[in-house]
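Going line by line, the protein sequences match chains A and B. In terms of our numbering, the first sequence is residues 1 to 343. In terms of our numbering, the second sequence is residues 1 to 343.
Be aware that one or more of the hints could be misleading.
As the list makes no split between identical chains, a pair holds if one copy fits it or if it spans any two.
[What the hints assert, rightly or not] Think about it this way: if two alpha-carbon atoms lie no more than 25 Å apart in a straight line, the pair counts; the simulated DSS-like pairs of lysine-lysine are:
id, residue 1, residue 2
1, K45, K218
2, K304, K192
3, K48, K153
4, K262, K250
5, K29, K45
6, K72, K29
Just so you know, the hints here were simulated from the structure itself, not pulled from any lab data. The structure presented is a predicted model; accordingly, all values stated were derived computationally and were not measured.
2 protein chains.
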Amino acid sequence: MIEPTNATPISELGEFAFIRHLTENFSLKLSSSVLGVGDDAAVVKYAKRKTVISTQLFTEGVHFNLMYFPLKHLGYKAVVATISNIYAMNATPRHILVSIGISEKFSVEAVDELYSGIAAACDYYDIDLVGGDTTASVTGMVINITAVGEADKEQLIYRKGALKNDLICVTGDLGGAYMGLQLLNRENEVFKTNPNFRPQFEGYDYILHRQLKPEARKDISDIFKKLEITPTSMIDISDGLSSDIMQICKASELGCRIYEEKIPMDQTTINMGAELNMNPIVAALNGGDDFEMLFTIPIKYHDKVKNNPDITVIGHMTDASEGICLVATGGSEIPLTAQGWKE
Amino acid sequence: MIEPTNATPISELGEFAFIRHLTENFSLKLSSSVLGVGDDAAVVKYAKRKTVISTQLFTEGVHFNLMYFPLKHLGYKAVVATISNIYAMNATPRHILVSIGISEKFSVEAVDELYSGIAAACDYYDIDLVGGDTTASVTGMVINITAVGEADKEQLIYRKGALKNDLICVTGDLGGAYMGLQLLNRENEVFKTNPNFRPQFEGYDYILHRQLKPEARKDISDIFKKLEITPTSMIDISDGLSSDIMQICKASELGCRIYEEKIPMDQTTINMGAELNMNPIVAALNGGDDFEMLFTIPIKYHDKVKNNPDITVIGHMTDASEGICLVATGGSEIPLTAQGWKE
């Protein structure tokens with residue numbers, strides 16, 4: 001992390017003034033926001049709709065490395081990762097609450113950078129920041145984001161609704177975020193041994209963008225409406241295709257076949273794989289952080305999705321007894337396994 | 001922290017099995033819980049009522065010391081501290097989401113202890129655990145709790161509603177939690193130099209209880225109904241009376257007079273102060289963690305509260321120009337100041 005030269009210690013402001021300083025630029029935009037930051041709790045109203053809530057914790061050294069992850073991007077990405085869970089229910093995120101734990105090494109300006117990323121995400125996704133907690137941490141930085149949204153009950157899509165023979169679909173392309181991380185890691189290692197080294201990122205804008213400024217699929221609900229399809233199950237791809245399809249299979253008590261050759265990947269992701277001597281399918285299966293949507297639809301909808309540029313059919317659901325398998329390009333079947341906590 | 005002898009490494013279970021293990025004993029009790037743990041997000045319904053949300057972050061070494069704070073108590077207290085904010089809005093907490101970050105030093109059994117405390121709090125306060133996040137932390141333990149509740153709009157009590165001449169009231173007694181912490185710290189210091197030392201806690205049950213197993217004022221709404229009073233503002237006392245009355249004064253754009261001799265303290269708190277050669281008023285003003293309620297009422301309600309064993313009138317609101325003052329027992333006026341982040 002490169003500390004701004006005009007660094008102000010947080011102690012200079014004091015805790016309460018610091019919290020006011022961080023949140024004073026967040027005004028409430030939505031009619032559903034009754035009360036925002038500054039009281040014991042936030043108050044929101046979703047009329048008769050259901051309240052959908054998800055929370056996510058990000059810890060320094062596990063989820064992010066401040067050596068090369070700019071704080072503004074970190075704030076943006078943390079919001080994206082959390083609201084992606086709300087979109088994955090086919091619901092609409094409306095509000096977030098942000099808890100941060102910071103040590104003395106962070107200046108007011110550094111935390112301002114983090115909050116400018118949070119503010120940018122709130123703007124782009126039309127979300128109000130309505131609360132949070134700011135506290136000390138004796139170790140690294142910790143961020144917890146809670147996202148709250150709304151949906152009619154009929155519109156919600158759970159993980160557990162997939163049926164046998166349903167088609168498995170993904171939006172966008174996979175593996176890019178992971179390859180972007182590999183690139184950042186590689187350049188950072190060189191930089192550590194030679195501080196005069198200038199990182200080589202030319203031609204890799206796409207995967208860097210996927211890692212450093214990913215977007216959530218806020219269009220997913222509209223895509224379904226436009227195509228007139230109702231998915232039977234859905235999850236966002238945050239842990240990697242392998243883990244996430246397992247979640248759908250377990251929740252739906254089914255197995256699946258996923259075809260390696262069908263998995264959509266950007267050419268930059270494939271090129272980076274070649275350069276690193278790594279099969280890019282590994283990035284798609286185990287990488288995570290792509291925030292694309294993985295969903296299942298009845299086979300009768302095949303014609304509706306087959307030529308859609310946003311959607312790729314990558315396999316189908318099977319009996320649980322047939323297991324959770326990747327059919328490799330050569331035709332061999334490989335059982336998929338979930339990664340544990342990822343770096 | 002004393003590690004159980006039958007410690008199982010979390011890696012032995014794997015992340016997903018571990019999360020299932022932690023949450024499988026939490027069943028949904030409430031009709032407002034539509035979907036609990038296990039999907040991308042939780043779903044709850046509060047009909048036409050408002051949704052009230054608060055989130056709080058607890059970090060090891062800042063908010064708790066695992067040398068003497070048992071994990072079960074930590075889980076219980078973290079829930080209490082968070083839902084106390086919902087009660088402080090005069091709302092009813094219904095749901096919590098729990099994020100934890102843990103390093104390899106924690107065994108499955110240790111985290112089970114933490115969750116048994118969370119479960120005990122859910123039982124006692126009639127709350128459903130509906131979601132969360134479990135992740136690695138390369139340093140200490142981190143816990144974030146988000147509490148969600150409901151209220152009719154008319155019933156909500158904000159910090160900002162206090163009026164000039166309103167009486168300032170507190171429930172219960174103050175400073176006990178802080179004195180309990182001083183006692184634990186003292187005994188821990190002795191223990192560190194002599195591991196055969198047995199801590200001396202006799203006669204101090206009350207303050208230990210206030211520190212290790214505090215309760216939130218879930219009765220506050222009923223107290224108001226029974227007395228037929230409608231407070232003009234309210235906050236829970238989590239940072240200490242001094243900080244918390246300042247929040248009401250700032251939000252309401254007023255000043256106040258608080259009378260030292262009126263501040264309710266338990267005899268054990270006073271005794272511990274004498275033993276530590278410390279004015280117990282300091283514990284009440286700056287200690288925090290008492291989770292009592294601080295609220296203001298119109299002066300016309302004085303007769304209704306004056307003989308209530310749960311409520312003490314400690315002062316009144318004034319013009320902002322008169323400042324935020326403690327009137328000491330001798331009659332001198334001392335401006336109150338807020339503590340920053342507390343240990």
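Legend entry - Violated hints, by number in ascending order, as checked against the structure: 2
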